[in-house]
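Q: Here are the chains, one letter per residue:
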Amino acid sequence: MRWLKGAYASLAVIFLMAPLLVILPLAFTSSAFLTYPIPSFSTRWFIELVDNAVWQRSIVNSLIIAPSTTALATVLGTLAALGLRGRVPFAATLRTVFLLPMVVPAVVMGVGMQVLFVRLGLVNSYLGVILAHTVLAIPFVLISVSGSLAGIDRRVERAAESLGASPVRTFTRVTLPLMMPGVLSGAALAFALSLDEVVLTLFVAGPNQRTLARQMFSTLRENISPAIASAAFIIIVGTVVVTALLFLAGRGWQRQRRS
Amino acid sequence: MTGRRNRRRAALLIAPLALFLGVFFFWPLATMLAQSVSDPAVGRVLPLTSAAIADWDGQGVPPPEIQRAFATDLHEATDDLAVGDMVRRLNSAQSGFRSLMNKTLPAVREDVDVDLASLDRKWSNPAYWQAIRGAVSPLTDRNLLATMDLERNAGGEINRMPAGSSANGAIILRTLVVSAIVTLCCLLIGLPYAMIAASVTGWRRAVLLGAVLLPLWTSLLVRTAAWFILLQDSGLINGMLTGLGIVDQPVQLIFNRLGVVIAMTHVLLPFMVLPIYSVLATIPANLMPAAASLGARPLRAFWRVLLPLALRGILSGVLLVFMTAIGYYITPALVGGANDQMISAVITQYATGSANWGMAAALGVVLLALTLVLYACYGWLSREDAVRLS
Amino acid sequence: MSHSGIRFDNVSKAYGNLRVVEGLDLDIAGGEFVSLLGPSGSGKTTLLMMLAGFEDVTSGRILVDGALVNDIPTYRRDMGVVFQNYALFPHLDIARNVAFPLEMRGMGRADIRQRVDRALEMVQLLHLRDRRPSQLSGGQQQRVALARALVFEPRVVLMDEPLGALDKQLREQMQLDIRAIHRRLGVTIVFVTHDQQEALTMSDRIAVFDKGRIQQIGTPREVYDRPANRFVAEFIGETNLLAGTVETAENGGTAVSLSDGTRIEGRSPAGLARGSAALASIRPERARLHAARPAEGNALPAQVTDILYQGSHIRVDLKGADGQLTVHLDRSAGEPAVGAPVWLGFAPDDCWIISP
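Protein chains in written order, with this note's numbering: chain A, 1 to 259; chain B, 1001 to 1390; chain C, 2001 to 2356.
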């Protein structure tokens, strides 16, 4: 029985992890095909990403769009999470409504945004893509920040006020540091989501706003090359680095506050 | 006093997001809804005809006033793009309109009083006039009807489209079937997995949960690309199968239903495991020992105690996976074949390929409605949970 | 109806290198109420878990009615268990919770109903039979758990700190209720607790645990008045411990000279050798205070440092030659003044001398 459990769990873990483990080494293949075995290791596909004008452009576009999305979604989501924290009428309904972008299929949003953005002149613009990505990212920020806010014991804030801290000081010295992990993970999620987004980009972006994910998508459909694995590697590393940086920044900021 | 101030502060904090989502989320959705029933192509170019033809009973050839209004409209139509839209729209309702208009337009532009029936005998055929009458309204249900392979005939009755002329019904059915298969696979793999994860502790639990969360944090595109690599004819799985001598020829794993199910099951499995696990984790650890001490064999204890308690998690997982699956685009688009494309792919095709936004929007409405119904069920389930806990 | 005796024969339990129970022997007679008392981590709960079949025995044998149960799965051991947090099934109502063990035994519906109602009546909860566990108070849940563990007339009932989550008043009421039920049904009960007052109140015998071993097994009187060692003396009740050297030891009458030369007389178990180090244990409520040195019995000079009113008695803290001493006085006894020099007197029968 125990043996069976272990075997089952191991197989399931392999099923879950295999794709991730398979794709990363191929980023360093010297072959022109996305297949194993890898003849020898090389960085030629990373060089391709940087040298090829289309890939290069897509990386730059992602570097413009993802941080902007992160900033916008984090600010809007964090403010709303703070607002929803108190005793607000219809708080539950509002929360459900704000989470809808996570539920509505991206393609459905895409059709509506395409038609509307044409009318508003936002189609084929960076702003249009950023706004679209922000809509998608907001629920993740909201959930993340609300989660960390729910974990804060209200008595801690009351204690701060009883010790003479004004509401503003209570917020900056107690609430904000305590909610920071939620804000940062919300920001990291928003960044990862924007970096990975394909469907809305397909609908609202023009050829000049092609993101890295969008470029990977067409490469997968049209002419498969190991550049995909290299791009995947960059996306994974990019997500990890941004998450790490955000958390380091958060810690530095807290340490500074403490001293 | 402070209550009111707090409420105002809360409103101020919430307002930016509410405004933002109102403009960039709900407005697009409303636009899509409007698009699915809007049909301005003909009425826009033929304003006088629209007014005049409303009173016509549809029998025989319309009276001269209507023909006169029609000729005047055409004579004054200068926007070639709009005229092109109108011709396309009319031709889709009644074939032969394109050539008819190619003949009629130059003649009418030259002389507004030309006799239409002598210009082309088709103008004596009531079917063409009925097509115009059916198309002048700015609102239409033909796109919504078409999602279910229905259409209106010349008399306005709803009929089933001739077999083979529309695949929308089949595609919606296929979407539901594929999603159901994926949901079932996720349940069969995910339920035992969640149970094992909840029953172990320490590093074992960390590994099992990490294996679910890590893919969830990894880019969907990266995961789909990885399945592409694994499943292709020269991929690792086929390499292993031929290497072990299980098969002589590579098995077709990609660009078919099997590939779609494998890849989507992988992508959606976390959405099954996590709700079940989180419910199992709240079940007190001593309930199963208690059941055993009261004389319940392991299987009965599972059936009578664990399963009923986990049921909400299982239902949540099933709804979540199914709801996400029906709207999926990327994975079927990349690892599926032409016969595995789901509703999202067809919507994308209509919108970005053939610029038929009316049809894209109508299918979007169907998908949205399905999703929202499932989400409402899901929300109801979790609210029941919250009520029960309080 | 005869009730089952339990025998632990050299039972050990180890998790890797961590030995939780070490070579433990214990006999429990049929119908007896035995408490396993000890601090957390002393192995008492582990022993209960092994008896219930939730934990494997590393070595040794557990016998119930003379039959080895080591390898019998829990669901066939026929032991009622009352868990620390009750472990009621949240998805079943009270009646279904109590009916669960009867359903598992394939009993007919009419029988089940009758038995469930009788069990719920016994714990005075019949009127709540259709409620869910979450709608009940802690004390009510506790009683449901008790009914569920008794309804199938198990051979043995095991209770793992069942009253730990209740407030003091309710806990004391439940102690009396459980005692009454035990007396009525005569079922063998093994009761794990870390609360010495609870163990003294309820048990026929108490097994005091520390570090995986039984330090002493005996009636409440024995473990309180005649503790086997320092751990038992300190763990059960309050006590004053005075260090000294054995001067004479003959058939129960033992004399100890304290570090300042004072000689006190007491009782002791056999085997204390002359000249060996010893501890004299004097319970605070057995000592008296005197203004002048009393003529009879032992006497120690001391100075009052604090007086605390405790309702049922008055606690007096004293500074003696060897450190702090505590005496509990009746409220009727005269109160000394703080700072006053006094004599602390006690009879040799109330002075129990053990090896340190």
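Honestly, the hints are just simulated from the structure, not real lab data.
Warning: the hint list may mix true and false statements.
Stated by the list, open to error - One-sided excerpt, in silico: chain B residues whose CB lies under 7 angstroms from chain A: (1) ARG1004; (2) ALA1010; (3) TRP1027; (4) LEU1213; (5) LEU1216; (6) SER1219; (7) LEU1220; (8) ILE1229; (9) GLN1349; (10) GLY1353; (11) ALA1361; (12) LEU1367.
Stated by the list, open to error - The calculated label-pair distances, taken between Cβ atoms and stated as ranges, are: (13) B:ASN1339 with C:PRO2073: 50 to 58 angstroms; (14) B:ALA1011 with A:ASN124: 31 to 39 angstroms; (15) A:ALA53 with B:VAL1114: 50 to 58 angstroms; (16) B:MET1148 with A:ALA53: 41 to 49 angstroms; (17) B:MET1161 with A:PRO37: 51 to 59 angstroms; (18) B:GLY1379 with C:LEU2176: 33 to 41 angstroms; (19) A:ILE64 with B:ASN1153: 48 to 56 angstroms.
To be verified - Listed below are several chain B residues computed to face chain A (Cβ distance under 8 angstroms; list not exhaustive): (20) TRP1357; (21) VAL1373; (22) CYS1377.
Glycine included, C-beta positions come from ideal geometry on N, C-alpha and C.
Q: Each hint: holds or not?
A: Consistency of the hints with the structure:
1. ARG1004: violated, 11 angstroms
2. ALA1010: holds, 4 angstroms
3. TRP1027: Given a least distance of 6 angstroms, the restraint on TRP1027 (chain B) holds.
4. LEU1213: violated, 10 angstroms
5. LEU1216: Violated. Min distance 10 angstroms.
6. SER1219: holds, 4 angstroms
7. LEU1220: holds, 6 angstroms
8. ILE1229: holds, 5 angstroms
9. GLN1349: violated, 10 angstroms
10. GLY1353: Cβ of GLY1353 (chain B) sits 11 angstroms from chain A, so the hint is violated.
11. ALA1361: holds, 6 angstroms
12. LEU1367: Holds, about 6 angstroms.
13. B:ASN1339 with C:PRO2073: 50 to 58 angstroms: With a Cβ separation near 52 angstroms, ASN1339 (chain B) and PRO2073 (chain C) satisfy 50 to 58 angstroms, so the hint holds.
14. B:ALA1011 with A:ASN124: 31 to 39 angstroms: Since ALA1011 (chain B) and ASN124 (chain A) have Cβ atoms about 36 angstroms apart, the given range 31 to 39 angstroms holds.
15. A:ALA53 with B:VAL1114: 50 to 58 angstroms: holds, 56 angstroms
16. B:MET1148 with A:ALA53: 41 to 49 angstroms: At 46 angstroms between Cβs, range holds.
17. B:MET1161 with A:PRO37: 51 to 59 angstroms: Given about 52 angstroms between the Cβ atoms, the range holds.
18. B:GLY1379 with C:LEU2176: 33 to 41 angstroms: Given about 49 angstroms between the Cβ atoms, the range is violated.
19. A:ILE64 with B:ASN1153: 48 to 56 angstroms: holds, 53 angstroms
20. TRP1357: At 6 angstroms from the nearest chain A Cβ, TRP1357 (chain B) passes the 8 angstroms test, so the hint holds.
21. VAL1373: violated, 11 angstroms
22. CYS1377: Hint violated; CYS1377 (chain B) Cβ to chain A Cβ min 12 angstroms, cut 8 angstroms.
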